[in-house]
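Keeping their order, the protein sequence lines are chains V and C.
So that you can map any letter, position 205 of the first sequence is 204 in numbering that gives the first Met the number 0, and since no number is skipped, the others follow by simple counting.
So that you can map any letter, position 218 of the second sequence is 217 in numbering that gives the first Met the number 0, and since no number is skipped, the others follow by simple counting.
Be careful, since some hints might not be right.
Identical copies carry no separate label here, and so any pair may be met within one copy or between two of them.
[Unchecked claim] Quick list of in silico lysine-lysine cross-link-like pairs, DSS-like style, CA-CA up to 30 Å:
1. K191 / K208
2. K191 / K9
3. K82 / K20
4. K20 / K51
These are calculated hints, taken from the structure and not from any lab test.
What follows is each chain in one-letter form.
2 protein chains.
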Amino acid sequence: MPQFADRVAKAQRSFIREILKVTADPSVISFAGGLPNPAAFPVPEIAAAAAKVLYEAGPSALQYSTTEGFLPLREWIAARYKKRMDMDVKPSDILITTGSQQALDLVAKVIVNAGDTVVMEKPGYLGAIQAFTIFRPAWRSVPLEDDGPDLDALDRALDGAKLFYAVTSFQNPSGLSYSEKKRAAVADLLRKHGTFFLEDDPYGELRFKGQALPPVFKQRREHSMLLGTFSKVAAPGFRLGWIVATGDIMERLVIAKQAADLHTGSLDQMIVHQFLADNDFEAHVARIRDLYGAQCKTMQAAIAEHFPANVRVTAPEGGMFLWVTLPEGVSATELLKRSVDCKVAFVPGAAFYVDGTGENTLRLNFSNADTESIREGIKRLGACIKACLADGPKACQGA
Amino acid sequence: MPQFADRVAKAQRSFIREILKVTADPSVISFAGGLPNPAAFPVPEIAAAAAKVLYEAGPSALQYSTTEGFLPLREWIAARYKKRMDMDVKPSDILITTGSQQALDLVAKVIVNAGDTVVMEKPGYLGAIQAFTIFRPAWRSVPLEDDGPDLDALDRALDGAKLFYAVTSFQNPSGLSYSEKKRAAVADLLRKHGTFFLEDDPYGELRFKGQALPPVFKQRREHSMLLGTFSKVAAPGFRLGWIVATGDIMERLVIAKQAADLHTGSLDQMIVHQFLADNDFEAHVARIRDLYGAQCKTMQAAIAEHFPANVRVTAPEGGMFLWVTLPEGVSATELLKRSVDCKVAFVPGAAFYVDGTGENTLRLNFSNADTESIREGIKRLGACIKACLADGPKACQGA
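Please model the entire structure based on the sequences and the hints provided.
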């Protein structure tokens, strides 16, 4: 029997995607997925945009197109950075990708040799861990505090490292954001060490509290790449993301993209551009922000009511996730087995750690459940946690 | 300055894509691209399908979906293999990919360690060469004869090789097809050597002459993968392809696909499925076949009239390409420099060879030019070739 490549010999399916199969049962209240709320998808506007593009552009909307992406869409993205962040980005600095998951694959391909050190946040985004794992890095990870990474730990971790990957606003999975002060400090440390930097910003538009902050990328652009996506502000089914980068990095990313899928769907890019051109995007995003802000608040209130006091929970200012830390020694994987019996699901946190820790943590998604389900689900989960703790630490310890 | 990964340190942009930029000048008649004819794109039918999907499925057409792909589309593909080839394929044996270019990336990722031997056809498909090159194989190549590979050479090349990649019908770039006899012989050789086999079949539906033949995959399924695409029978702008595979191979491809882009566009998959469900696909494909058959015939007639007798040309029974072999010692790269001055373009063949040969060959695309352009372009190209030959071999030799 011929042998597979070493890079996938031990690869495993996404744990989250496997949990999602369990939660297909409609009686289970699921906080496990990372799905945007479909109630916020602009379906009639997308239908109008699709009709217009196919009527006006005709066959050219269905033909092969350039690897770099649809120019008017890249122009819109560049203008948006200027407007939101006063950040100068040229359309030619933007490469459209097939979702930002593809951006992770391309960056890993272009930067990471087997054995190179990649620095992750702790906890860190699972999709990035999976994309990088294929290219077999050596991992280091840096603990996240409430206002961003532990700077001393980051300084140590960056020493000799190839790449630092960070989700700086409303992080998946923790919901935490880097403060203005820590953004500046991270930029300084990246300059000090000369490390490649990959900043992922899928949720930046979804701030429902506090003051918008520009990405670290704005302060340290050399050797840096910034990712964005339309998945959370338009719809994820398009698979439309982008990379901001320049010079040699961009040149190599384009080459890798050509080899990976030639280009991202022409029609998808044109539909989303038409949707952006014909609608009030600010108003649309404000509706999503209000919705998620209300859902987050509902979940926080339910947690305050139903979770024991020794369970810690983050306080996100945006995004889609809350992060829960159970008392030391309690296993969220064991808790999940119980909670599925009580018809409520979440993602145990260990999968977000590259160092094998995090067993007493878990992720809760608040964007894709209605108010009633959030209240009822958190009530059930609170009861499960209490039962676990009441049974004594051994009952809910992992193997 | 931090260093890029070894796999892209020497990577280059697609030579064809660079040539395509030259041919943006509308006065240049281009046989360089590999584009399907947009006149054959079913634009109104796609518009109707898009409207229907968004109206009927609503938000679920825009949400994240499964990595494996949209089940009704996979069922359609499976049924099509049964109907066309009497081949049993289960929907679960089909993984939808973001164009078949992504399939090449995924297969390379899953199979090829740096230094593993990959066997290519000679000439071979450039997109595959690019996708595999990222994973740094050792190349071997096997000459193509009019009815398929040189079997003795293939037998030698497969010895100790990891993977054989082949386009068995109306190959890109040569237009050549494997005969029934050679298909059986190739299946035997693959069984003898136990090599992974990747059969790429983007053009199989586009046979305008002769008898349809089942893929080699039908005879040797173990360790084998078969690729297909909607790019040539619906439209390439969707980026919709697929891989047929089973067991452990499929399991690893799904894992690699999750890490590469989570899944292929939900809306694209649903639109194409709706188009297939609501229209007479046989009639649609027959129109494309007739169109390309007529264009091929026009090009062949013009070549017979205008090319010197010592230039050899293949006689394809389908697909989109003709392959030209100039007299030994004449460089197609040099010829291109002259022909661009005469406002006609093609792709020099050397890029399709992994062994540095093929300098006297070139590819002509006949699918994406109208009758008048084909006649005029071939006339111009014939004059260029004659001028080259008249100037003596030195004038058109490469450096």
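Checked hints:
1. K191 / K208: For K191 and K208, the Cα distance exceeds 30 Å both inside one copy (32 Å) and across copies (66 Å).
2. K191 / K9: between (36 Å within a copy, 28 Å between copies)
3. K82 / K20: neither (41 Å within a copy, 32 Å between copies)
4. K20 / K51: between (37 Å within a copy, 28 Å between copies)
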